[in-house]
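Input sequences plus hints: build the corresponding full structure.
Everything in the sequence shown is counted per this note's numbering, starting at 1277 for the first residue and increasing by one.
Since the hints were made in silico from the structure, they are not lab data. Where is the CB? At the ideal position from N, CA and C, for every residue including glycine. Keep in mind that a hint or two might mislead.
Pairs of lysine to aspartate or glutamate, DMTMM-like flavour, derived with a Cα cap of 25 Å [claimed, not checked]:
hint, residue 1, residue 2
1, K1391, E1297
2, K1370, E1392
3, K1391, D1296
Ranges of calculated distance between the beta carbons of each label pair, as one might list FRET restraints [claimed, not checked]:
hint, residue 1, residue 2, range
4, A1305, Q1386, 22 to 30 Å
5, Q1358, N1307, 39 to 47 Å
6, E1387, C1283, 49 to 57 Å
7, C1283, K1391, 12 to 20 Å
8, M1277, R1303, 50 to 58 Å
9, D1296, Q1379, 50 to 58 Å
10, Q1376, R1303, 17 to 25 Å
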Amino acid sequence: MKVKIKCWNGVATWLWVANDENCGICRMAFNGCCPDSLWEAEAGGSQGQEMEAGTVAHTCHPSTVGGQGKVPGDDCPLVWGQCSHCFHMHCILKWLHAQQVQQHCPMCRQEWKFKE
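What follows is the structure, given as structure tokens:
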């Protein structure tokens, strides 16, 4: 008996390669969005909408923009510190902005420096 394959559809999945599954600040999963991004998506704001204090809110709602489907993580990437801790970009920027004197990692309290 011979079998002839007429069509084949590949399926793939991705995950962030991080030292944890959740952001240490917001406790949301890395393959999802941070609460700031979710709030903006639920509020119906547009991508890149200016907010108070000069910050920019990005949406990461799985909607279509310009005909392209979006997935969580597109506008809310992860960033690593030199201490190897990983956070949502929006979470660590908000944390660092709230620090008055020195900017420390919220997990290990070492001076925060972005890993290049």
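- Task: Hints the structure violates: just list their numbers, smallest first.
- Result: 5, 7 and 9
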